[in-house]
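Please assemble the complex out of the two chains, which come individually in their own frames, going by the hints.
Just so you know, the protein sequences line up as chains A and B, in that order.
Those letters in the first sequence? Residues 142 to 253, by our numbering.
Those letters in the second sequence? Residues 4 to 242, by our numbering.
Honestly, the hints are just simulated from the structure, not real lab data.
All of these numbers come straight from a predicted model, not from anything done at the bench.
You may find that some hints are simply not true.
Unchecked claim - List of simulated lysine-lysine pairs, DSS-like, C-alpha gap at most 25 Å:
1. A/K186 / A/K246
2. B/K186 / A/K186
3. A/K224 / A/K246
4. A/K152 / A/K246
5. A/K152 / B/K186
Said to hold, decoys possible - Which chain B residues stay away from chain A? Per the calculated CB distances, all over 12 Å, these:
6. E13
7. E14
8. S17
9. L36
10. T45
11. G52
12. F57
13. L61
14. W78
15. V136
16. P142
17. L173
18. V178
19. W194
20. L200
21. V203
To be verified - Covered stretches of chain A (chain B as the covering partner; in silico rule of three or more C-beta atoms under 8 Å from a C-beta of chain B):
22. 189-198
23. 214-228
For glycine and all other residues, C-beta sits at the position ideal for the given N, C-alpha and C.
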Amino acid sequence: MAADRRSSWLKGVLDLLVLSCLTAGESYGYEISRALAEAGLGQIKGGTLYPVLNRLEQAGLVVGEFRAAERGPGRRYYRLTDKGREHLGAESGAWLDFHTAVRNKLSAGGTP
Amino acid sequence: MTTDDTGYFEELASALRAAQVPEEQTAATVADLTAYLAETGTAPEEEFGPAAAFAAQLGAAAPAVTGPPGEAETWTWTADIYNDRRLLAVHGDHGWEVERLDALGRFVCRRTPRTALRWEYRREIVGGRREEVLGRLVPEGWEPCGEWFFYAYFKRPKAASAGPAALDTLPARPVRSWYIGVKGWTVSAGWLVAVVLILVAYYSRHVDFAIAFPVLLAGTFGMTYWVRRTVARSSDPAT
Chain A
142 MAADRRSSWL
152 KGVLDLLVLS
162 CLTAGESYGY
172 EISRALAEAG
182 LGQIKGGTLY
192 PVLNRLEQAG
202 LVVGEFRAAE
212 RGPGRRYYRL
222 TDKGREHLGA
232 ESGAWLDFHT
242 AVRNKLSAGG
252 TP
Chain B
4 MTTDDTGYFE
14 ELASALRAAQ
24 VPEEQTAATV
34 ADLTAYLAET
44 GTAPEEEFGP
54 AAAFAAQLGA
64 AAPAVTGPPG
74 EAETWTWTAD
84 IYNDRRLLAV
94 HGDHGWEVER
104 LDALGRFVCR
114 RTPRTALRWE
124 YRREIVGGRR
134 EEVLGRLVPE
144 GWEPCGEWFF
154 YAYFKRPKAA
164 SAGPAALDTL
174 PARPVRSWYI
184 GVKGWTVSAG
194 WLVAVVLILV
204 AYYSRHVDFA
214 IAFPVLLAGT
224 FGMTYWVRRT
234 VARSSDPAT
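Pulled out of the complex, with its shape left as it was, chain B reads as follows (with noise of 0.2 Å):
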């Protein structure tokens, strides 16, 4: 083993026990993946990548396993449904990693300079069948980071599908934080106005109660279906 070899090895090991993996784990791994190395004749760097990026992977993929702290972004937006796995998609590809989807439906995400990597997001429809998606995606390396509704969102660093892929430059935090489209604003618009239209008839008198109600129930149920449809019809199987 050279002088880089034992650096980075010594790297991966001090970034797995950040991580907390158990100093036996952390040590069988860097024995094996020695003896990896002895095999193919390659450099680490050039085999496994980034010795941080790497550990993270390694490490339940927690990318913030070194510098300080305080060194993490943190930035929450939020897309409708027309424009969040396209932005999802960008966001991923600077560094963002969703962390959870707040009680607004914001994704809240956190990027780490220097250790911070590519991430790949999907969006699945989870009501009632929670257990067969997690099932299907779970070995696949896709892991949940928030639910709004009655879909999902899951995310997978790209090194898992692409090979090693830390970030060296970060682009600056986006300014926007609000991507709602126009689809988007009519509907809720739309709907806004049909509620409003409702109560105004009904606190006037001129309609009953007796249909103000079943009428707002009814448009919530229909909302709820056509935004569920919307996005059924939306979401591609081979994403």
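This is chain A alone, in the form it adopts within the complex (with noise of 0.2 Å):
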């Protein structure tokens, strides 16, 4: 139950998180999930995070970069375009109003 719960929440914000890991620089998908699981966000698949990452990159707000390895297979780095800024931004915007309401309403009924 709070499994769904969390997936549920994750549902409308996971692509900003995603860019949110890439406002620093250039990262891989493994550094990513590594990232979001730091955050508290849980461990985050491979097959939710790289359709996520597909997307993201089709729609122009990051761009991937494949590099190979002198040792073992080579990554592909993803890094954030000014759209992909500009997109986080509006958006987080958006999400932390939605959030304050969310967590006004919660205090008002009670919860600490």
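Quick look at the structure:
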């Protein structure tokens, strides 16, 4: 039940969270997944993360570049585009407004 | 990499090629995902879900990438605006992907055994603000799948929000293809009766053209406005 609810919450904001992982510079799949887990958002499976990255790339919000490695398989690195940065700023504001409304309502309902 | 991992990635690469993903991109994707697994230490199926379904997510969401084309089922159905979203959710959960709306506004669906995904849908009013709606929804993975008058339908595989969710068993295709509720029939029948009454009055010379035509015109606009308002009121911004 709790996992279902978290999954549902993530549904509306995962793309923004992924974009936010790239504000400080480029990153790759596993590093993004780890950053989200360390932020307390739970373990995001690759089967969920990669389609999100794919869509963000198709929408022109991130750019991916594959780089071969000297040892082992190469990685695809993603970086934020100007459009992605703009999108993140605008949509983060909308999400935070929503978050504030939820928090105010829950607080008014007696939740500390 | 274990033998199981190799088999998984071979299946994934094959499915991506079948979805017309360029060879270079397919190789880079497989390498990237292999590197990902090397760090997580998990099995590919556990991390990414079934290879065919995952490939469909990565290769422009084309679930019918494997299996003979003849296996695909098609189904066309319709519903009124009071029932469409509820039924789209039900049938989307059963693997039906809406490909388009036909000229009669019916949902033309497709489903392919073994690679079918669960789909979620949403309805939006687009009259005059198509770009704004697309700009908001496309980055979230919503893809337009049809329009009917002033509202549009969007689809997205549930895996986009809830992780891999391929369907192992598919419920049989519904026998029923018409889902018009009492409200829908009442509105349609009421409108038809009103039009017939006005036309009868006109042809029996009880009403002038100068009255019948404006009444019909006003009725049409009124009906359109009422349906639009009903759609707007019943749209849930959270879905």
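Evaluated hints:
1. A/K186 / A/K246: violated (32 Å)
2. B/K186 / A/K186: violated (44 Å)
3. A/K224 / A/K246: Roughly 33 Å separates the two Cα atoms, so the pair is violated.
4. A/K152 / A/K246: Between A/K152 and A/K246 the Cα gap is close to 21 Å, so the pair holds against 25 Å.
5. A/K152 / B/K186: violated (33 Å)
6. E13: Consistent with the label, B/E13 stays out of reach of chain A, its closest Cβ about 15 Å off (over 12 Å).
7. E14: Check passes; 14 Å lies beyond 12 Å.
8. S17: holds (18 Å)
9. L36: violated (7 Å)
10. T45: violated (8 Å)
11. G52: violated (4 Å)
12. F57: violated (6 Å)
13. L61: Given that some Cβ of chain A is not farther than 12 Å from that of B/L61, nearest at about 6 Å, it is violated.
14. W78: At roughly 26 Å from the nearest Cβ of chain A, B/W78 sits farther out than 12 Å, so the non-interface label holds.
15. V136: The claim stands: B/V136 keeps its Cβ more than 12 Å from every Cβ of chain A (closest is about 14 Å).
16. P142: violated (4 Å)
17. L173: Holds: least Cβ distance 20 Å, greater than 12 Å.
18. V178: At about 32 Å from chain A, B/V178 clears the 12 Å cut-off, so the statement holds.
19. W194: It holds; B/W194 is separated from chain A by about 38 Å at its closest Cβ, greater than 12 Å.
20. L200: holds (48 Å)
21. V203: With a cut-off of 12 Å, B/V203 remains clear of chain A, as the shortest Cβ separation is near 53 Å.
22. 189-198: holds (count 7)
23. 214-228: holds (count 5)
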